[in-house]
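Build the complex: two chains, separate frames, hints provided.
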Amino acid sequence: MAAAVTTAPFEKTGAGPLAGLRRHRALGKLLLLAVVAAVLVPLAHAQWSSGSWPHALTVDFSQPLTDASTWILDHRDSHPLFLYFFGHISNAVIVSVRAVYLVLLAAGWAGVTAAAGLVAWRVAGLRLAAVAVAAFLICGVLGMWVPTMQTLALMVVAVLVSVILGALLGLAAGLSDTMHRALRPVLDTMQVLPAYAYLLPVVLIFGMGVPAAVLATVVYAAPPMARLTALGLRSADGGVMEAVASLGATARQRLLTARLPLARKELLLGLNQTIMMALSMAVIASVIGAGGLGDRVYQALASVDVGAALAAGIPIVLLAVVLDRVTGAAGERLGADEHAPAPWKWGVVAAGTVLVALASRFADRLDWPDSWVVGIAAPVNDAVDWMTDHLYSGVPYIGGTADWAAHFTTWILDPLRSGLTWLPWWSVLLIVAALAWLIGTWRTALTAVLAMAAIGVLGVWKPSLDTLSQVLAAVAVTLVLGFAIGIAAARSSRLEGLLRPVLDVFQTLPQFVYLIPVVALFGVGRAPAVAAAVVYALPAVVRITTQGLRQVDPAAMESARSMGATTGQQLRQVQLPLARPALLLAVNQGVVLVLAVVIIGGLVGGGALGYDVIAGLARGELATGLVAGAAIVCLGLMLDRVTQPTERRSTGKGA
Amino acid sequence: MTKQSSPYANAHGAKTVTLSVQSWVGAQANVAVAQYLLEHELGYRVDTVQVDEIPAWDALSQGRVDAILEDWGHPDQEARYVKDKKTIVNGGDLGVTGHIGWFVPTYFAKQHPDVTNWKNLNKYASQLKTAESGGKGQLLDGSPSYVTNDKALVKNLKLNYQVVFSGSEAAQITQIKQFAKQKKPFLTYWYQPQWLFKKVPMTEVKLPPYKDGCDADPDAITCAYPKTPLQKYLNADFSKDGGKAAALLKNFRWTTEDQNEVSLMIAEQKLTPEQAAKKWVDRHRSTWQAWLPK
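Sequence lines, in order, name chains Y and U. The numbering used here numbers the first residue of the first sequence as 1 and each following residue consecutively. The numbering used here numbers the first residue of the second sequence as 1001 and each following residue consecutively.
Bear in mind the hints are in silico, worked out from the structure with no lab data behind them. It is possible that part of the hints are untrue.
[To be verified] In silico EDC-like links for lysine to aspartate or glutamate, alpha-carbon gap of 20 Å or less:
1) U:Lys1177 with Y:Asp385
2) U:Lys1227 with U:Asp1093
3) U:Lys1129 with U:Asp1114
4) U:Lys1183 with Y:Asp553
5) U:Lys1181 with Y:Asp389
6) U:Lys1183 with Y:Asp385
7) U:Lys1136 with Y:Asp403
Pulled out of the complex, with its shape left as it was, chain U reads as follows (with noise of 0.2 Å):
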């Protein structure tokens, strides 16, 4: 039973796609945007998924989904399905750089340019303490499927923190938007790229540098999250026999500020990611023009 489909794929008699759609608004883009050249350019009727990361893997390794444009990094789940199982093939760089690190609002950064650095964020604990964080101050985290060092972290650096967790990136981003209206100090696990810092400033604080391997043991970790160029992974089947749609996707490759234009797009203007990526596709014809099959 390795190969299942979706009923609802093909119901038109069309080439398929199926693309795996992550909760957070840049992978949304990313699909936005090969889903309309899929569509408009060659032809072919896509179906998207929402997914998490790790069951995105196995439903990538089952054919149920054709291709993630956009993965932080699964060294586990690469090994099982690259190396062992060859199930699935690494479809090349994103062209985007993911970094995960602490952040401050810009506002608040200003007014004490010292927060910046961890030594110092103890000093700011009571200005940054919540309800939920009892008596510390808040470190906010977000979803539980993002990878995080944050608990070690605060207990390895001592820093007087508590790490609240919430639990879904929907609700980290209103929690944070909230805070910037009120002008308010806060903490926050948060991400490169990213289209909320187009709409909350936010300045990254120092953790002591990351080094190759310093992140081995999970428990004793005492250093920042490393940049990760992001890859992407297509179905092996797919990628051997998926013709000019699987071309397209190996060739997609753009840069952090195209995706954050069309991500903000659809998270700030609300626009539909179809209308989003309609828009990015018009003005920026050279840039999609060479990922096409020829």
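Just chain Y, same shape as in the assembly (with noise of 0.2 Å):
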């Protein structure tokens, strides 16, 4: 409600802004608001005069969530809608997984390990083949063959539904501008709505195990393919469909003849971000009992083992780089060679998978022999027991980690969050409004101060501030390492190309496996919980200023050069600002991503938000862990559009 009053008089002064003030429209926008503010604020203090947000102005949702909760328990087993309908999809959903799973079993680990190298042949070339057939040894070197092959079923399933699902709500996208405005925020909670959140609804309603596992991935992953299929089929050449039409094609065949083909890159990219996302949401999903190599990670965990969670984390490393690098070529190939189609080649990819399986089937080679395995989990519990006992505490000079964590905890994140809860709730308000029209328009405001108010009325004030407090200090020590990073990367071929591995492995590593890690080296709390943050947001945005730098106009630079200018000078004078909308959607991504790591922080003693969520599906709460990731959909909303680059504004699509 306060929402509403506090934000309202926006679009009557964004609409019509005064004359004088457009040459200085910052300061003007800043002035309407004061104005504002000067208006509402004493009427909000007198009626709801407390810090924090005011109790009046919440909704309890427990009760009806708990309620829910109950009666899916209590007719699950007997209501048609569970019978019928859930509970097809349910056995749909088995059935599928392990057909594909008896396959690979069927095929061995030669059957299996021959169909990935000659696949990543045909579409990728030799080198890739040979990428493709390391990773699957490694995968059984280090024991981990049944778990991979456990995991590559259930993503061959759920990357599956994923494609279908988006691909038909991004072909409806595509289609209608309607569906188009109606989608963009439901594919936008799919995406912020934190995994842990919805895990419980989902185990509510088709129970753990296999299937909510599939379920909770394909909602993690469809949303990229949808967005990709929208984006590809928006984008086609205007000039080609017109002649399509004027051919007299129907709107059927101007679809399929014209505009799908002419998509076909986006359908990729889309496929490979839709792999990603699935093969990220492996570990989380084991949390549901997904079994596997997200269950190898979770359960290694429990006995407090480092380097068993790596060597089964490893596996899934390998897993998303192959596929990465396997679609990104394939992708890149389709424009260079689509006149000389070789089916040839296909026939070769079948025969020889054929055929190997065979051999080792008669063989009798199928399952990964034992002997062939390398333990690794001694060596790696070695080396973080050497390093969390020599960094921990006592370096001289420089103190030991556990300091510098205390010391961040006392001088930033304590006076980032008693600031915080400090302001009065209307102010918050009125900042968030600041800060997002003057990089936005008065729409990136609006929504900004709506989702502020509306984790108030969600009644998750205080925790949400807390955990605000925490994503800015991560994303402040994100930015300033990844830009560091970036620009010496940038400068340096060799230094991107060693860097290059190095982020590939943290961008995919499951983020459960350095919990522990984290801890040795900053004790139980606010501290480790920003260094994990750090650690899954750093690769992006090195990976962006780095791009971003590197793209400068060379004609620039060679005129700075020529004028004199010291690296130093080209750097600050020619090269930074000219890649100023590439370190704004660093700054952006730092922020998403950052935000994404907080319910790891409540596994580390973050507390706050993360902790409630995994508490919710710990407790079978429904109505503590829902709240909760609504309220990180929100905070994730408001800093998105607080933090929205500039080009995305430009389209006019910001809000």
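In structure tokens form, the structure reads like this:
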């Protein structure tokens, strides 16, 4: 309610700004906001004089949510909705996953490895074929063959469903403007809502296990496919479309012969993104019984065994890298050799696979031989122990990681948190409005303020500000490190080459793997939560920064050099200003990624919203988990709008 | 849609059992030994799934898992599934008694013997504070799935402490080990039986004694945690039709020492659960021989 009151005037003022204010738009916006505030704040203050969000303006969702979950539990075994609808979905998922799993087992390790190598060779060339074969062999050597196949079976089904669902949604959004507008907030929510928050509802309906895990993965992985399909269809070349229409093609013919083929690159990129997202869910889904590699990582955590967790985490990284490179290379080849289709190559793929599979079957070598397994757990654990022993405290002069963490908590996190919670609620809304409006339009500001107000209405104002303080601190650290590394990498190709595999690993390594090292170095609390977030968000920021700086017009650089600018001057006066859009995008991505790790922060003592979400799942309390999850979505929405890079705004689709 | 097994189960055409594992190592030890015996003595194939406690009850009721081997007492779930729905049956005592309490490291208790009574805790608050506890003493709590009254206890006993939730048992154990390496004092929520006591000896802090019903109102609570004889629970259908596997799981009953022996091998010597179970099984033939169905 308060949100509606404070934000309504934006519409009027934004629509018809005074002529004098146009010259100093930023100043004008702030002035207008100040006027609005001068009127509304005393009113709000008189009505609800409390520092934190007023209790009168909250809505308690816990009763209805608890009732809903009890109803589901009581009716799940008898109600037709479950028997004839969800039950069939559940069975279909189980049957498909099982079918894929049995095929993989029947092919044996040799057959699967051969198939992977041959397919990679066909779509991406010899080099990637070698990479694919090596990756699968390593999974076996690590003793993870069977879990890898379980994860692969689940991934195949989840990706297939995601791609079909995503393509259908994307098709609808690509062909109809109304659908496009209606779907956008839905897709946003699907992506920002922390997976943990909807695990519980999914489990309530489907029960623990593979069906719930597949569906949770689909919710997370379908949006990029939908978005990119819509994008591909919408950006079809106008000239081509007109030509096709003038030839008298029907709408369906136009779609099938022109628009879809033209959108092939986007479709393939969508597939690539969907695979990546699905794989990143592999571990989270294990919390609700997905089995496979994720479950191995999760079980290793219980005995505080980093080595075992890593042994199960590496195959996930390898799968991700292979699938990413192969689909990526396929995308690049699309344009190049489409005029030379080679059906015989697919024949080689099929024949080779069958041959190897049969050979291994007759040799009775279907299972990965136990004697070929190399244990890496012990040396990894020794290394981690050595590291934490020597870095934890008492390093001469610089102190230990525990001391840094303590200082970081006392000097940065504590003041930030108490500052945010000290601010009266209406001033938080004003600050959000001002920031969002300065960087965007009145629409962005409105969305941001409404999102922030929704947090208050949900009744989680204080924990949300606690989380926000952690997010801000983590983003600051990520940006400082990310820009520094990114600038260095942009200057040296060798460094960039060295960094690439490291960044790959950190982007795809399940976050659960580094939970324990993070606690061992920084102790339990908010500091390790921030550290985990930095580890996760850093690769993207480094990549975007490097790329942004590299793409700066070489002519501009050349002229700066010819004018005798030092490298430092080139960087400050040419490169950085020209790369500004990329840097802004890096900020935005940093924020979004950091927020994605809030839940993991809850597992290492970060408290606040992250803890509430995992507590909701662990205790089966739908209300706790869903409300905290919704608050994280709102925070994400607000932060995204406040840091929205200029390019997206200029398309007029900002809010 | 009551019955749904794992698609990975039974892939080689064998008889299968699915056991739920909870996140603590004691639960892993039960499952490891049960799995080893089921596989090597009775020829079953065993799948394990790691699940939190409350969701595990739900999974058990649906037949997604066949048994929980170590339950710490969930009266609500018991009322719903065992009494009302009759989809779960009690599988008998595990033989191990669980107890939750507050603990300080023994090296600290030896220096300051009076710290082991809650009445003196406030004296030590300043020594037990960390960056995270905001000027008060830190009481380290664990995973959100664990039964805890600590927030209410700190408030009602007027203790100058802040409960810091580590969010997962892995994080809590890691932190305790780091404290112990440096011989730093700490106060933590912890429970027995637990293998970590062998690595980091800890002494319990006396809280006002537990009496029946003193924990009825969770907000007004001022007493210690009870001692809980840990229970096994089986899916009702599995209990009836599970044959030798169900019989073995019902007979399964061992001691705290047995469980700790296996737990320690898993958590400290980093043996795989299977290797640890094999070692225990080789050493304790007479104990498990009695569990085998006739």
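Hinted pair, alpha-carbon criterion (20 Å max): Lys1183 (chain U), Asp385 (chain Y). Please report holds or violated. Cα-Cα ~17 Å, so holds.
Against the 20 Å threshold, does the CA-CA distance of Lys1136 (chain U) and Asp403 (chain Y) hold or violate the hint? holds (18 Å)
Holds or violated: Lys1177 (chain U) with Asp385 (chain Y), Cα cutoff 20 Å? Given pair Lys1177 (chain U), Asp385 (chain Y) holds - Cα atoms ~11 Å apart, limit 20 Å.
Measure nothing beyond the straight line between the CA atoms of Lys1227 (chain U) and Asp1093 (chain U); if it is 20 Å or shorter, mark the hint as holding. holds (13 Å)
Between the alpha carbons of Lys1129 (chain U) and Asp1114 (chain U), is the straight-line distance 20 Å or under? holds (18 Å)
Hint check: Lys1183 (chain U) vs Asp553 (chain Y), CA-CA at most 20 Å. Holds or violated? The given pair, whose Cα atoms are some 58 Å apart, is violated under the 20 Å limit.
What's the verdict on Lys1181 (chain U) and Asp389 (chain Y), does the C-alpha distance respect the 20 Å limit or exceed it? holds (8 Å)
Against the hints set out earlier in the document, a violation occurs for number 4 only.
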